[in-house]
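Q: Listed below are the residues making up each chain.
Number of protein chains: 4
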Amino acid sequence: MSKKIERIGVMTSGGDSPGMNAAIRSVVRTCAYHKLECVGIYRGYQGLIEGDFKTLDARSVNNIINKGGTILKSARSKEFRTREGRDIAFKMAKEKGLDALVVIGGDGSFTGAMIFSQENDFPVMGIPGTIDNDIYGTSSTLGYDTALNTVVEAIDKIRDTASSHNRLFFVEVMGRDVGHIALNAGVGAGAEEILIPEEDLGKERLIESLKRSRASGKSSSIVVVAEGDKTGENVFDLKYYVEENLPEYEVRVSVLGHMQRGGSPSCWDRVLASRMGVKAVESLLDGKTNYMVGIKDSMMALTPIDQAVKGKTDIDLELLRVSDIMTT
Amino acid sequence: MSKKIERIGVMTSGGDSPGMNAAIRSVVRTCAYHKLECVGIYRGYQGLIEGDFKTLDARSVNNIINKGGTILKSARSKEFRTREGRDIAFKMAKEKGLDALVVIGGDGSFTGAMIFSQENDFPVMGIPGTIDNDIYGTSSTLGYDTALNTVVEAIDKIRDTASSHNRLFFVEVMGRDVGHIALNAGVGAGAEEILIPEEDLGKERLIESLKRSRASGKSSSIVVVAEGDKTGENVFDLKYYVEENLPEYEVRVSVLGHMQRGGSPSCWDRVLASRMGVKAVESLLDGKTNYMVGIKDSMMALTPIDQAVKGKTDIDLELLRVSDIMTT
Amino acid sequence: MSKKIERIGVMTSGGDSPGMNAAIRSVVRTCAYHKLECVGIYRGYQGLIEGDFKTLDARSVNNIINKGGTILKSARSKEFRTREGRDIAFKMAKEKGLDALVVIGGDGSFTGAMIFSQENDFPVMGIPGTIDNDIYGTSSTLGYDTALNTVVEAIDKIRDTASSHNRLFFVEVMGRDVGHIALNAGVGAGAEEILIPEEDLGKERLIESLKRSRASGKSSSIVVVAEGDKTGENVFDLKYYVEENLPEYEVRVSVLGHMQRGGSPSCWDRVLASRMGVKAVESLLDGKTNYMVGIKDSMMALTPIDQAVKGKTDIDLELLRVSDIMTT
Amino acid sequence: MSKKIERIGVMTSGGDSPGMNAAIRSVVRTCAYHKLECVGIYRGYQGLIEGDFKTLDARSVNNIINKGGTILKSARSKEFRTREGRDIAFKMAKEKGLDALVVIGGDGSFTGAMIFSQENDFPVMGIPGTIDNDIYGTSSTLGYDTALNTVVEAIDKIRDTASSHNRLFFVEVMGRDVGHIALNAGVGAGAEEILIPEEDLGKERLIESLKRSRASGKSSSIVVVAEGDKTGENVFDLKYYVEENLPEYEVRVSVLGHMQRGGSPSCWDRVLASRMGVKAVESLLDGKTNYMVGIKDSMMALTPIDQAVKGKTDIDLELLRVSDIMTT
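Chains as they are written, first to last, in full-length UniProt numbering: chain Y, 1 to 328; chain P, 1 to 328; chain A, 1 to 328; chain S, 1 to 328.
To be clear, the hints were calculated from the coordinates, so they are not data collected in a lab. Relax, there's no trap hidden among the hints.
Intra- or inter-copy, both count: the list cannot distinguish identical chains.
The calculated lysine to aspartate or glutamate pairs, modelled on DMTMM-like cross-linking and capped at a C-alpha distance of 20 Å, are:
#1 K296 / E318
#2 K218 / D57
#3 K78 / E250
#4 K296 / D316
#5 K218 / D52
Isolated chain Y, as found in the complex (with noise of 0.2 Å):
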């Protein structure tokens, strides 16, 4: 049977994205509801491990629901993969007298609390923050939505150069291992090829395709490329590949990077972020543990967090056919 649940330690873990402040706020705005301590846990399972605590009341989170980043910070542990530096995380987490934890990050995270939890009968909720949005069991992860927003403004222009010019753009976006940000970005866009890991085009297709871009009377072509697709070995050399292919085209690369993580979260992600925060701090009072909150047809929905983490967000094929007959 489970304790009666105090004080409730947040953190911050893995990539940061937008909305994570928005997130903290509402966990700590929840906890002082329920009348709960909220302790603030600084740089992730590090600083669980280093102790690097602060208590955080109502006010103390005034005004960062709009600012990107993290105010907990965030960090990679090496120490926390070990069975001794979860040890020291929990002898920490139980002086400090934290009852339950709510961890703000992505799958590597959420493995980690999991396993935590386990070996500690510790409560753990999840709350999904990366842009990625390759989590199961939500249909929306804190930050991507503000992400698509920053790499189709990014684009636009990038579009506006590229129309002048009548040249091709490749656009390296985020997403080692998904296109999600690639494919609906690339549509937001109004990208003419949009090149995912999950599909491997091949690159005479990509020529084929971008001759008949050109033949259907476009004079100017975007090309937006997940980081993980397979396509060239990487977006410079599919630059190469072109223009040796397709002398007639002028290409240029942009890679726009860090920048897709930061910024003022979305009015979405700030939503998100709100309902999640309640959810995961009331599931906990709810004496309910090792599960993480998400979004499933517009209402908060629990999935165990071992799904989260092991499920696989399949990229969405209607999506894929839109794409295409957007590039009639």
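Fit chains P, A and S to the given chain Y structure using the hints.
A: Quick look at chains P, A and S alone, frame taken from chain Y:
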């Protein structure tokens, strides 16, 4: 039995919203993909009556996916509300050889489409384009997400000055009958109070709430007020009431107005518009008529257009509760 | 002979404007660079009277360069307008060991600084922080450039919906006594008419101009109106007048309001603030007092603070002419 | 003696920049205002050679003031570098009845204009359109201000993630020969170090500076690097050097690339473009030729085009010093 569809008309009707152009583009390109002719009808039903038509090919909609407003313009038509007007419209549609109609608009536009379709056995398909998100059968209407971002960005700016001066701001946002924008943007902007048509808080409770907020240590406050809220006669009435009852507050009013209807659509609205356009055209090709395209649980879904018009979209009670908790 | 300066106070006063935080940061870091102590004075002159002080070191102003508003807050002080109030303020300044004061604000704030300085032989330096750009001695005040961008972005959005509906919009922008924002943002937004306090167009000529605009083939129109314009009693009065005299127009009004004061400062305002902060502190170190820092012909320049207060900034006649030509 | 000017050609040439469309609009409308015909020349000098012309009336440039890129497109022309090519261009200009040419572009474009003008005694006027701000005779080129805002907004986003992870970022910005963008955007973004072509900091001093920055308590750092900086071979070379010498740092690289050339122009760039277009056309009407329009001390000014091309724009030493002080 319905005639084979070879020529589809597309129009925007009622108030414009971000994403309408992306939807037009999608309808046009889906027609091109299926070798159908697509005819743009200008100025809504009035243009249908006046025969203000233009054939649109795939290239004619280049570079509009990211533009606010509608290239087809929009207008209200008193004439179309009469049987006579609709008869002329039908004659025009037949003369031009139109076999079906895609109407991008809101409630009123759908009612017109429905009547027109029934009177003339003419296939119609609706795409919900309005910032208000007040259409049954879709969790999101085109332009709603963009409007939310516009509102939170504006309130973020107002918050800067509110915080610097310890002031109270009433910010009026759109929503004559429904509070979706006010509630979601209010939560997203961290508003201290949100007033919506669906709930009458009462002026006394507003005063209590503002007192509580100040007592809890907040030095500035934002109150988001939907146009249609009934707590006061209007937002200025509220201002005077508060100034009388809380003389320690300096109160300012901001009416965001029509900027909420414009702007480059968010990635979400662009992708949604692209998907809806495909679904609308292909549903007509499948022999369907008198439906509205919507999104439910991340998937395209059809709703009979009369249900879309009559149905109600309730305010999200869970989110109201989240809002309360966030103002702890 | 003036005492060696070892401790400088900095405050923001009057209406806030974007770039004030960047200026505070610059004053603080320039003090640190020269091994001076910098003391933040909260809530302007009222905080000076109440001794609401906090020593600020170089790290205390991290990550504020891009934030709107002012971390030192701002307020009006009736007390400081009395000799008695200013005497208390001086006593407080001496108690804290302040040797000089940097005041970031507008006209009114500078008048206060000037009197305070003369009464107490106390070194002061002004930095012009106001969105109105109505200070003599600088071609640009802090926040003006940002406000212009805020206004044109808002009008761009309004233009989307104006164009879609063939509507006429009156957009009221800040500027009670001067039309700099209206004129520049009006030209920047491509407004069809710009109404400023410096010129009384007259209602009849407004009607003539709108008729001409429509006759020339324009289907929508934006009229930018400075708060202080005297063509009508106010922007709503203009709306009614136009609706009576041009019944073919649907007229809408947008009052942009306080969002014009907030937001992340533009690069120009951040750089200008950084330069002005350095100049203010180093001018005090050079033994100068009672000056305002400004920018003239791309270079830092000092203007005696009484001239800054009394001087007039005339409206740019060339730009008025450009505006006329642009509406051809 | 020069012929009366009745027909003016306008083109954009070289790399595009935000504000070019606003300048085209201004040239077109100023021509309309003075009852001149305005002829748009597509794709720069290549279009002049090929006779790719289109008459532009006042309404043809509606709604372009806020669009990035150039509706006239731009291109490089090898042919125009030959006497033969220029002779064809002149023949085309005469055939079309052009009496003068307004060229919106940079250095290279102006050199072409100058030679063309001298060989054929043909009136030309230059408008400086480039984001690099490297043209003598104007304190600001079209697009520069917009590019600065694009860069600081991108770095603000990167700062979010840098701060969350205590990372060091190298951000490469445009500027092959000049460091104006790097220096101004670097100061505006609060960069800890700024590397420009005009100064060779040396790798060792970079390391020293980064050490100092960390010792002073900064947990993250942004280094802005102009493309043309010579401290390392390139930005990736710098990354490896720092990682070798400061192993405690996690280093990331962001190359902002062509998004810097696009986007909706800032209010400043729109107003500047409007003013320059008027000045260019009216100067031609005044019988002037072979000048570039610029802005000096807030006023329009003409500079002989050969001086504009040969002159140097020095880096602002005062701003370099401000940058040093800000990183205290």
